[in-house]
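Peer 1: If you want the building blocks of each chain, they are given just below.
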Amino acid sequence: MFSELKRKANQLIRFYKFWQEATPNQNDAVRPEPIPVNLEEIKQKLSTEFAGCDDLITREIFIGKTQKKCLIAYIDNLANNQILNDNIVKPLLLVELPEGLLEQNDSQIADIIMSRVLCNSSLQIKDNWQQTIECLMTGDTIIFIQGSAKVLVAASRGWESRTVSEPQTETVVRGPREGFIEDIGVNCALIRRKLKNPNLKMERMTLGRESKTQVCICYLQGIASRELVQEVKTRLSKIDLDAVLESGYIEEMIEDAPFSFFPTVGNSEKPDVVAAKLLEGRVAIVCDGTPIVLTVPYIFLEALQSSEDYYTRSISSSLLRTIRIICFYVSILLPAIYVALLGFHQSVLPLNLLLTISASQEGIPFTPFVEALFMGLTFEILQEAGIRMPRAIGQSISIVGALVIGEASVRAGLVSDPMVIITAITAITTFILPPLQRVLPFFRLAFTVIANILGLLGVFLLLIAVVVHMCSLRSFGVPYMAPLAPLVPSDLKDVFIRVPHWALLTRPRSLTWQETGRAKSHLAKKNSRL
Amino acid sequence: MKSLQSIRRFLGRIGPVLMLALMLTGCWDNLKVSEAHFVTAVGIDKGPDGLYEVTVEFPTPLLAGQNKERARGGGEDQKSVDVATAKGDTFYTAGRNLSEKMARRIVPSKTELVLVSEQVARDGLLEIFDFMERHQDTNMVANILLVKNATVKEIMEAQSQQDKIPSQHIVKSIKVNQDNLGTTKEARIIDILKDIAAPGRDPLLPAIEVEQETEPLKVKDLAITGSAMLKDDKLVGYLDGFQTRSWLLVENKGNNGLYSIPLAEAEGRFAVFELLSAKATKKVEFLQENKPKFIIDLKVTGNVGESQASLDLTEPERKASFEAQVARIIREEIESTLITSQQCQSDIFGFGNLIHKKHLAQWRKLQDNWDEIYSKAPYEIRVDVDVKRSGYTRKAPELK
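Here the protein sequences line up with chains Z and L, keeping their order.
Count the first sequence with the numbering used here and you get residues 1 to 530, in order.
Count the second sequence with the numbering used here and you get residues 1001 to 1400, in order.
This is chain Z alone, in the form it adopts within the complex (with noise of 0.2 Å):
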């Protein structure tokens, strides 16, 4: 039975190992198809690549009060009505021209249009049909000229798209409220509006063949390591999908680490946050379509920190990191030592706490492992239909949940009392580490099972395999565990508390592997002391 889990594994491993290496074959790509000279071969062009798509919108005009014809194409709804009409439809019809400007100049007649009649800000000359093609599809506007193989791509993209809002998950007290949209554009803008710096760099490319989905690369040059921009690059640039609907897609083909349970891909709502970690030289990839923005690398201490962090004062900050850890620990930990000490370890606990915890045991007709078990499902259980369903029967929820489950157990004597208040303790602990959400239950059934076999010894020896599996993860080249391990002493100031900002004086050395100062002075005293 071993040898063929092990073959399957194997097999699965092989396979993720020739996907990682396979690099992107150029020689696939499509030569390119001139653009036909003739309107009527365009038209024809056209209506067979689209035929069915009744989105299409095409309309052939005569340019101003000349014999020259063109035709405009553009996606309805993808492109904006009111540009298309000021700034190209209207020009192209009530234009005067010198009298044989475009009939003289067959071959410059694009850039005649584009320099003399056109109100667009932005317009590009195409003469690569599959190109042309992939604008129309992103809500540009298409000018095909008789008789010139060039073509104007004027940029008319404007279609409805939800207005920049605070985002559902990541709320903070102190701090910026906005979030990222689905619009890269407006999301690209948004960490630029908190860097303002050309260093700031936005590499864009296409990901999908079917979906076309953009996808932005944002780094900031000079603090992000070259090496790492270009693992970027190399792993997105492998990717080999037909659709990028979410930034999860990219996640789960750039990761490090497939079958860990732990994330080695971060990801945020925030452009302040976003705009933090791209100043401590990580890169951000930013997917159309989706508000969730990646960064990578990701560290596990990254789950135990947040934005208000660096918002409030340092002391207080420190104080909430250090419950976060505390709260990390009890989230996987408290069920498994509830079962082993009830199971094994019973002279540990103080007489009084014991005699209250077996009264309260008393009747009920399960150990405390299948109470462990029964109410770690329920509460599974609950917080997805609280995830699923829809708003308005939220209410039903909480009241079956809460009472129904939880309070009428207890008195049925199904569930004792202690098992309720753990896992309520552990399901509020699970809260505070968003990060690390969906990946704590599967932690705590193991260790609670491991619990109920070998005792405390158990719960021990899983958490040292666990700490062992941390530190073999890597995350673009950057141990997991770092700066803890290894350990580097001058990023520990950021780890369990968080010095004030004016003792913050360099940036992650875990993440960058070179000096780069955040504070100007301590740039200089460095380069004063080389």
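Errors might be hidden in some of the hints.
To be verified - Below 20 Å or equal to it, Euclidean Cα-Cα: the simulated SDA-like pairs (lysine to any residue) are: (1) 8(Z) to 1016(L); (2) 1291(L) to 1190(L); (3) 8(Z) to 1014(L); (4) 1032(L) to 349(Z); (5) 6(Z) to 1364(L); (6) 1293(L) to 1217(L); (7) 1032(L) to 370(Z); (8) 1172(L) to 6(Z); (9) 8(Z) to 1012(L); (10) 8(Z) to 1015(L); (11) 6(Z) to 1291(L); (12) 1032(L) to 347(Z); (13) 1164(L) to 356(Z); (14) 1032(L) to 457(Z).
What the hints assert, rightly or not - For each label pair, taking beta carbons as the anchor points, the in silico distance ranges come out as: (15) 465(Z) to 1194(L): 49 to 55 Å; (16) 350(Z) to 1260(L): 51 to 57 Å; (17) 442(Z) to 1232(L): 55 to 61 Å; (18) 1140(L) to 442(Z): 38 to 44 Å; (19) 350(Z) to 1232(L): 30 to 36 Å; (20) 1140(L) to 465(Z): 55 to 61 Å; (21) 319(Z) to 1384(L): 49 to 55 Å; (22) 319(Z) to 1277(L): 29 to 35 Å.
Hints in this document: simulated from the structure, not taken from any laboratory.
Where a beta carbon is used, it is the ideal one built from N, C-alpha and C, also for glycine.
With chain Z's structure known, arrange chain L on it following the hints.
Peer 2: Just chain L now, kept in the frame of chain Z:
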């Protein structure tokens, strides 16, 4: 790299086997708390037939815990603890014989009080301690008490209104007594074991007695006062509360206690000297070969806690005389303790141990007939008293 691979291959082979081993182990220690009686106190007695009689006290979980809501269904007359007794040739068998009467397994790991009868102590405690040392489930830091003038079972069945668990009442009152009165001494099993094992040192067990016979017996009618001197592991005699207090002073284990000092100013009236701190040093001097002399040096500070008549300590002469008076009383107490222990040949102060540590060569010569030497050794007790404060008033209130 190659070694890493071979390690990985090795782990890959042995890993599944180890995993199976994990499944096989454990679980035998697993215990459902609802299937266990957690014993809070153990009493050990010996009947006239020479059989061990073991009494255990265990809380009935439904009532001893705080779960009032469910406890209400149980009926009002139910007690929060239950007591059961069984007999056997040895302590272990007697304890095991308890199972005949129990609905659940007996778990002794939370035992906080061990009561031994006079008869058991006279026959030697070591056979009980042997069991306790052998078993991982016993609580070696449980308090041990000697029952003086009653059977162990009587004491175990005493009820308490101050604590749900009577034995907890006893355990707590040992502590309260030692901290406030100093007439008893807290002794854990492991301390007694250490004293037995140490050369030239004999243990002192705190004692409990029935002060007032009532029906039913209540814990508040018991007195935890005085202590029992053992020789090796056998009972040889008793110290009263005051003597126990002196022992604690000399051993630097307690600096509490009130001393009533008769006043010269008024006939039949007392001032109370309240001990605040004390520092004792023990020494052994050799007058000649094989003739040690014990020296106890005690420095005591305290204040006047109460005075029934005018006591003016602002006068230096009166202060000196008062201090001398206190010193004399303390010294007399210590002296009586020492004499009692010498009569019983029980080296509770550990002078022999002191010789063993400081003069090992001498000890080798003395150890064979140490009991004899101990009981006849001369001694010197020096007490230095300092009255730090005369209480909150300069002079006692006077009628005018």
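Peer 1: If a hint holds in the structure, say so; if it doesn't, say that too.
Peer 2: Results of checking the hints against the structure:
1. Taking the CA atoms of residue 8(Z) and residue 1016(L), the gap is about 16 Å. The hint holds against a cut of 20 Å.
2. Restraint check for residue 1291(L) and residue 1190(L): the C-alpha separation of about 32 Å exceeds 20 Å, so the hint is violated.
3. Of the pairs offered as hints, the one joining residue 8(Z) and residue 1014(L) holds, with about 19 Å between alpha carbons and a cut-off of 20 Å not exceeded.
4. Pair hint residue 1032(L) plus residue 349(Z) holds up; C-alpha atoms about 14 Å apart against a cutoff of 20 Å.
5. Under the criterion of a C-alpha separation no larger than 20 Å, the hint pairing residue 6(Z) with residue 1364(L) is inconsistent with the structure, at around 70 Å.
6. A distance of roughly 47 Å separates the Cα atoms of residue 1293(L) and residue 1217(L); the hinted pair therefore is violated under the 20 Å criterion.
7. For the suggested pair residue 1032(L) and residue 370(Z), the alpha carbons sit about 12 Å apart, so the restraint of at most 20 Å is met.
8. Under the criterion of a C-alpha separation no larger than 20 Å, the hint pairing residue 1172(L) with residue 6(Z) is inconsistent with the structure, at around 61 Å.
9. For a cut-off of 20 Å, the pair hint linking residue 8(Z) to residue 1012(L) stands: about 15 Å separates their Cα positions.
10. At most 20 Å may separate the alpha-carbon atoms for a hinted pair to count; residue 8(Z) and residue 1015(L) meet this at roughly 17 Å.
11. A hinted pair counts as satisfied when its Cα atoms are at most 20 Å apart, and residue 6(Z) with residue 1291(L) does not qualify at roughly 81 Å.
12. For the proposed pair residue 1032(L) and residue 347(Z), the alpha carbon gap of about 13 Å is at most 20 Å, so the pair holds.
13. The hinted pair formed by residue 1164(L) and residue 356(Z) meets the criterion: a straight-line CA distance of about 12 Å does not exceed 20 Å.
14. Among the hinted pairs, residue 1032(L) with residue 457(Z) is consistent with the structure: their alpha-carbon atoms are about 18 Å apart, no more than 20 Å.
15. The hinted range of 49 to 55 Å is not satisfied by residue 465(Z) and residue 1194(L), whose Cβ atoms lie roughly 40 Å apart.
16. A C-beta distance of roughly 39 Å is found between residue 350(Z) and residue 1260(L), which places it outside the suggested range of 51 to 57 Å.
17. Between residue 442(Z) and residue 1232(L) the Cβ separation comes to about 60 Å, which falls inside the hinted range of 55 to 61 Å.
18. As the Cβ distance of residue 1140(L) to residue 442(Z) is approximately 41 Å, the hint placing it in 38 to 44 Å holds.
19. For the pair residue 350(Z) and residue 1232(L), the supplied restraint of 30 to 36 Å holds, since their beta-carbon distance comes to about 35 Å.
20. For residue 1140(L) and residue 465(Z), the Cβ-Cβ distance of about 34 Å falls outside the hinted range of 55 to 61 Å, so the restraint is violated.
21. A C-beta distance of roughly 51 Å is found between residue 319(Z) and residue 1384(L), which places it inside the suggested range of 49 to 55 Å.
22. For the pair residue 319(Z) and residue 1277(L), the supplied restraint of 29 to 35 Å is violated, since their beta-carbon distance comes to about 40 Å.
Taken one by one, the earlier hints fail for this structure at numbers 2, 5, 6, 8, 11, 15, 16, 20, 22, listed in ascending order.
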